[in-house]
Amino acid sequence: MTRHDPLADWRSNPFFVLEIATDATPTEVERAGQRLLGLLAIGSATAGTYQTPLGPATRNADRVRQALAALRDPEQRVLHELWANVVPMGGQEPSHADTGPWKEAEHALGWSGLWAR
Amino acid sequence: MTKRPLYVGIDLGTTNSTVAVFDGEEVTLIRNSMGSVLTPSVVRIDARGNVTVGARARRFLDTDPANTRSEFKRLMGTTHRLEFPASGTSRQPEELSAEVLKSLRQDVADQLGVAPERAVVSVPALFELHQTAAASNAALRAGFERVELIQEPVASAIAAGWTQGGSNGPWLVYDLGGGTFDVSLLETREGLLRVVGHDGDNFLGGRDFDRALMDLALTKLAAGGSIIDRANPKHARALRQLRLAAEEAKIELTRAGEAPIFIANLDVDGQVVDVDLVMTRSEYEAAIGPLVDRSLGICTRLLATHGLGEGALERVVLVGGPTVTPLLRERVRAVLGADFGEGLDPMTLVAQGAALFAGTVALDGRPAAQAPASTGPRVWLQFPAMTSDLSPYVVGKLLEQSDTIKQVKITRTDGEWQSDPTPCEADGTFTVMVRLLPRQNTTFEVQGLDGSGQAVTLQPATFSITHGMTLGDPPLSRSVGVALANDRVQVYFNRGSPLPIRRVFVLHTVETVHPGTEGHVLKVPIVQGEFTWAHLCRLVGTLEIPSSELNAPLPVGSEVELMLELDRGGQLRAQARIPGIDRIFDRVALLMTPQVSLEALADALTKLRTRAADLSRAAFSDRSGKTAARLSAAIPRLDEAEQNIRAAHGGDLDACEQARRSLSDFDALLAEIEAEQAWPELGRRIEERFAVSLSWVAGYGNDAERATLNDTYQACKRAFVARDPDEVERQLAVIERLGSAAYFRHPGAWEWEFEHYAARVGESTDIRRAAELVAKGREAIRQRDVVTVERIVRELWTLAPVDHDEQKLGHGSGLRMR
Amino acid sequence: MGAVAGIIIAIFIGRLLYGSIKVPTVVLVCAAKLTVLGITSGFVQATEMPAGEFIRVVLLVLIWAPTTILRWIVVPLRMPRLAYWTVMICWPLGVVKELRAGGVIFGALALARTGASDEAIRWLEQRLRGAEPMQGAAVVAAGLLAALRKDDDLARRLFAVADRMDKRLISRSVRAIARDWLVVDAARVGNWQRVIRLGRGGSSWLRWSYSMARIAERLTGDPRAWRGWQLWPCFLLAPRRRATYPLLRRALAVPVRRSAQPEPTPSVAELPLALGGLARAIDGASDGAALARAIDAVDRQLDPMRDAIEQRLNALGGRSDAGAILSAFRQRLIELVAPLIEDDPYLAREAQRSSILEQAIWQVRRRLFGDLEARCKDYRERTQDGSALDLVDEWEAWAMLHGSADQLLELDPTVESLLFQTVFAPVCNFAAFQHNGRKRIALAHDMFIWLLRHARSDAQARELLAKNVQAGIAGI
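Residue numbers (my numbering), protein chains in the order written: chain C, 1 to 117; chain P, 1 to 818; chain U, 1 to 476.
Hints are computed from structural coordinates only; laboratory data are not their basis.
Incorrect hints may appear among the rest.
[Said to hold, decoys possible] Now the stretches of chain P that chain U is said to cover, found in silico as 3 or more residues with beta-carbon under 8 Å:
#1 304 to 313
#2 555 to 562
#3 709 to 717
[What the hints assert, rightly or not] In silico lysine to any residue, SDA-like type, Cα no more than 20 Å apart, as pairs:
#4 U:K150 to P:R577
#5 P:K717 to U:E416
#6 U:K150 to P:I581
#7 C:K103 to U:G284
#8 U:K377 to P:H514
#9 P:K409 to P:T431
#10 U:K150 to P:I578
#11 P:K717 to U:V415
#12 U:K150 to P:E559
#13 C:K103 to U:D152
#14 U:K150 to P:E561
#15 U:K377 to P:P553
#16 C:K103 to U:Y245
#17 C:K103 to U:D343
#18 P:K409 to P:T443
#19 U:K377 to P:D726
#20 P:K717 to U:F369
#21 U:K377 to P:A800
#22 C:K103 to U:R249
#23 U:K377 to P:E559
#24 U:K150 to C:E104
#25 U:K377 to P:A733
#26 P:K220 to P:N232
#27 P:K717 to U:Q363
#28 P:K523 to U:K377
#29 U:K150 to C:E106
#30 U:K150 to P:A552
#31 U:K167 to U:R453
#32 U:K150 to P:G580
#33 C:K103 to U:D283
Note that the structure is a prediction, hence the values are computed from the model and not measured.
C-beta: ideal position from N, C-alpha, C; glycine also.
Can you build the whole structure from these sequences, using the hints too?
Structure, rendered in structure tokens:
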């Protein structure tokens, strides 16, 4: 029933956006950001998406700049470090339930055109 | 010189302006036609319409003040027009600033042979959006094709960091210019310069030191029987001459223990007066002491905000002419407990820093045609023009022959380093880490390699990177957001956010708008400031959605996707998309600060005094010592505002702006105190309302209502403890409704209600109709016709005056959050 | 014979027009259809047309089974105009009281497979705006148009209104469309609890949604879940068997358990693992208890990290204390959770409430009340001004208010009294204005019924509303 992606903000964690470890030095942070800004400026095909422990996400120059600004501030950096250190738990469904979504629902009923993507 | 990059930085000051250029290795100050690096920010327009800028114009400040204007920087972003009667023209402050910038641009052309097309211009850190927009526009008017802005303390910090080398820790830039005071807390860590925080006062500067000395002189003259009144327009000329003399005396007092102020035959409204005074340094220091203390108060407030105590600073960098004052230097050292940065010229540091910043953002001022050409397949390179990283990345993309060139190699021109051949991706992109030479400009050659390893010359063949500082994007100095109908602010950009920046929020309308409704406009007010309450923030623009442009009704709660975007130049762009009717609106009005009449200012001053007095009384009776102390500490600001209003009557526009600003700040302080006091008052209101409702429900309510009243009261108290005003109001409304329902079961209730409204007929929205109803109501009471009395009372309710104040408080906003 | 029948029917119609006979619309329509069939048959027989039998069969099908034709032939052809005019000509009984709205419903369904161009949607919208009267079918039509415009939120609210509408205002088949959409909307994101509530808790029992509810019970391991021999007949009796079959297979693969086994609490010793659990709970977002446990697990890890945070701050040169960081972290947690609760308030209802969850709930509650108050203010003002919107817009506005109120009640049923006191006066007065001033009986009736349902705490209001409901019934 969710209208939006609840994990979108989490995936925008600066460490994820810059694809760096939480113990990266300030120089490494700047270097990663500067490299990404360059790649995005020249329209690199791969720079626009990145992987996170919570799934893939997209980025643009604005997001990279915001990430750099956030990691330059010590308080914000510590906060983002806490959120970035996430170990995804194994995707094991308990054997007594199968609560995954019915992804083919609208297609099966011929109603694919009735929901926003 | 033109073979090297031309990074231009301009300090557009209140009193003097400076331009510097950075070629990748060193910073050079540009001299004007008078041979000075400082160009007075003075513009004169003569009878023939000729414009003179700088020292030549300044000479006429005394002899032709009507056509010679100075210190207009503090008026940027307002709608003031400055008259030039000789030529019959008037100009906005922005246009005058453009003349100064044009002159500086010409100076660069004269010295270096090329008129720059791009530059960085400095602005005070606490300039608001409309002021920064005015600065950008001034530069574009001056002939620059592109301009970026930088806050003055950041510029100073860059220049200081460049000169002093790398040292870690917090430091402060204390920038006291002619008209504005900025203080910035910065930090350098591993070559990265970060602005931690800003504070300042847009109406505190060297000009105020002049005025303090002048006031001292006026006092001495008055004691000698010669009265010169700032509020009297006829004394304006005399005051100008006196101020110029005071300025010279001020400069003298930095070196000597006393300085004379001598003006022979000063014409004071027809009376000739000889001014022959001696000002001592101790008198001067006593006069400017409060101003210096005010600036230090701002500094300590900034440090406290960021958790820094005494002795925590590594150093203090002083910027601006007035910082040479001995008293100031002594007090700053004593209060802040840090050494000053040495070898720094406070008069030109900002311009130097602006030029260095132009280097970090690769804003080369040379016309495009001047860039050296070379042959070969084109490559698009991205790299930092300046960085503290000795091993930055260079990213590139082959724009031509990407199928034949398989690898790329980069070689340092000193031959000491080259990269391994780096393969290109399928889309022609490559990434290479290069090695810089420390603290200098390093040039590299880039070559392509084909399948057989043959070198292919690329275009451009070379590029340069300077090893120095890394500076983040310039931070936004004040939060920007949208005022909502409930007088709250939906913050879009927090203070300190890097620029440029863009955000989109989905808001909802608070009223139904029918298309074509005459004069009905849905307003989206954009505000700047740190207050929770929108009406205390500064309105910087309004995006308007006129009902005449709607093609369908817009019901309440309709979604509005509102995008705000700020570029580095402080230019704001706003766009509202209404998905329900698939329309986009992007017309933003009202970006200038409107001119306020002196009468309005005087009226506002009176009202603020009354409010302050009421609050003081309440604070004393509540034994709220802290509140009383805050109020009494702030009252002198009202006195200062009063003085400025008087000076404004004498034609001092700057004093008018200062008064407006002081009154606005005082209003905000009172609102804060009122909000703090309102909370205990709300608690009392809960008890009172509950007591009244309980008495009615106990007598005329049923069991369910009694139970509901009790539950609601408990919920109300919980909301009060949780400090949730909306929930408290909601529960209070239920308490009142329950009481009201029980009250109206009393046989005499409708009659009492009738008498209550009959006594207030004069306040009705339709007095004639109300009077008719009252007459009918009396007749119905005489006949004991309760049903008719009830009907009449209900109609009288509809004629009661409506309170539109809440929506006015939110700058008339038509939006709310979901 | 046909002529005699025609004369009898003409007299009947004449007396009907003069109001001396009151007959339900459906009966009238059936009579009309019989008349047409009778006259046509007579004509074919009399003229001995070569394809007479064929024409009679076609007419028979068109007149008596238009819905079948629409569902199996016209809608799959994806021709909205054809679907609309088929309804207008053939008068399906399910939408006979609101033919135009019914035409729009089938027109929208014709576009449901692949979506629609703006032009097609506009065409259908214009048909709907001219519809008279506007009752349940119009609401469902508006919902389908909102869904085609990708405004899921509005569609959801309109369908929710239709699903709970008084049966006098909506036919069973139209209600089924609304409920089926809601069921699919929940199932496609895995909100099986909502599927169960819709299928088993609705005001009318509808086959497909009931079958889906039973399947959902099996999927979620609900102790009430049916075994295979019970599920199969339920499935076979419901429509859309081919579409639902894979889901049935999934459900049958889940073993039945008779007692609710407690979820084993994973022993989470570190924040990263707890955060991983939280991410998983959020991504699934249909099990309130699991979400609450995950939030709690994260919250418990925070205070022990105070020293580590302090050290890290010092290393980076920060000047705040660890308390500020933890406070900011908790605030972010609340902001992460609040939208989930707002989208599905039941998530918070059954959960053990920690302080984080409580604050998130409070945030949502504040927003919902703010929304309600703004809408009530609009009703108040428009009642005073006597201004009304187009009826479709009014239904949409009512659906939005209704939706926010429902969300509040789902979040916290104890807030019913406060909610009622907040909305009663503006909504009741507005409904009265719509009923008396604008003759929009169905809309007003729906509002009165909804208010009456929630007027438990106010006897006086109940009395007034009961009278208004009766007036509405009389007017329908």
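Against the structure, the hints come out as follows:
For the segment 304 to 313 of chain P, the assignment as covered by chain U holds, since 3 residues bring a beta-carbon within under 8 Å of that chain's beta-carbons and 3 suffice. For the segment 555 to 562 of chain P, the stated coverage by chain U is satisfied: 3 residues place a CB nearer than 8 Å to a CB of that chain, which reaches the threshold of 3. Beta-carbon proximity to chain U at under 8 Å applies to 3 residues in the segment 709 to 717 of chain P; the threshold of 3 is reached and the given coverage holds. Taking the CA atoms of K150 (chain U) and R577 (chain P), the gap is near 16 Å; set against the 20 Å cutoff, the hint holds.
Annotation: proposed proximity of K717 (chain P) to E416 (chain U) holds, straight-line Cα distance about 18 Å (limit 20 Å). Of the supplied pair hints, the one linking K150 (chain U) and I581 (chain P) holds, its CA atoms being roughly 13 Å apart against a limit of 20 Å. Distance check on the hinted pair: K103 (chain C) and G284 (chain U) sit about 13 Å apart at the alpha-carbon level, within 20 Å; holds. For the suggested pair K377 (chain U) and H514 (chain P), the alpha carbons sit about 16 Å apart, so the restraint of at most 20 Å is met.
The straight-line distance between the Cα atoms of K409 (chain P) and T431 (chain P) is roughly 10 Å, inside the 20 Å bound, and the hint therefore holds. For a cut-off of 20 Å, the pair hint linking K150 (chain U) to I578 (chain P) stands: about 14 Å separates their Cα positions. Simply put, K717 (chain P) and V415 (chain U) have alpha-carbon atoms about 15 Å apart, close enough for the 20 Å limit, and the pair holds. Among the hinted pairs, K150 (chain U) with E559 (chain P) is consistent with the structure: their alpha-carbon atoms are about 14 Å apart, no more than 20 Å.
Taking the CA atoms of K103 (chain C) and D152 (chain U), the gap is about 17 Å. The hint holds against a cut of 20 Å. With a C-alpha separation of about 15 Å, the suggested pairing of K150 (chain U) with E561 (chain P) holds against the 20 Å cut-off. For the given pair, K377 (chain U) sits about 17 Å from P553 (chain P) by alpha-carbon distance, which is consistent with the 20 Å threshold. A distance of roughly 14 Å separates the Cα atoms of K103 (chain C) and Y245 (chain U); the hinted pair therefore holds under the 20 Å criterion.
Restraint check for K103 (chain C) and D343 (chain U): the C-alpha separation of about 19 Å stays at or below 20 Å, so the hint holds. Straight-line distance between C-alpha atoms of K409 (chain P) and T443 (chain P) comes to about 14 Å, which keeps the hinted pair within the 20 Å bound. Using a Cα cut-off of 20 Å, the hinted pair K377 (chain U) and D726 (chain P) holds, with the two alpha carbons roughly 15 Å apart. A threshold of 20 Å between alpha carbons decides the hint, and for K717 (chain P) with F369 (chain U) the separation of about 18 Å falls inside it, so the pair holds.
Distance hint between K377 (chain U) and A800 (chain P) is fulfilled; the C-alpha atoms sit about 17 Å from each other, no more than 20 Å. Taking the CA atoms of K103 (chain C) and R249 (chain U), the gap is near 15 Å; set against the 20 Å cutoff, the hint holds. Between K377 (chain U) and E559 (chain P) the CA atoms are separated by roughly 17 Å; this keeps the pair inside 20 Å, and the hint holds. Pair hint K150 (chain U) plus E104 (chain C) holds up; C-alpha atoms about 18 Å apart against a cutoff of 20 Å.
Between K377 (chain U) and A733 (chain P) the alpha-carbon distance is near 14 Å, which keeps this suggested pair within the 20 Å criterion. Our distance criterion of 20 Å between C-alpha atoms is met by K220 (chain P) and N232 (chain P), whose separation comes to about 18 Å. Between K717 (chain P) and Q363 (chain U) the CA atoms are separated by roughly 18 Å; this keeps the pair inside 20 Å, and the hint holds. For the proposed pair K523 (chain P) and K377 (chain U), the alpha carbon gap of about 18 Å is at most 20 Å, so the pair holds.
Taken as a hint, the K150 (chain U) and E106 (chain C) pair is honoured in the structure, with Cα atoms around 14 Å apart against an allowance of 20 Å. Between K150 (chain U) and A552 (chain P) the alpha-carbon distance is near 19 Å, which keeps this suggested pair within the 20 Å criterion. For the proposed pair K167 (chain U) and R453 (chain U), the alpha carbon gap of about 15 Å is at most 20 Å, so the pair holds. Only pairs whose Cα atoms come within 20 Å are accepted, and K150 (chain U) paired with G580 (chain P) is accepted, the gap being roughly 11 Å.
Annotation: proposed proximity of K103 (chain C) to D283 (chain U) holds, straight-line Cα distance about 14 Å (limit 20 Å).
The structure shown violates none of the earlier numbered hints.
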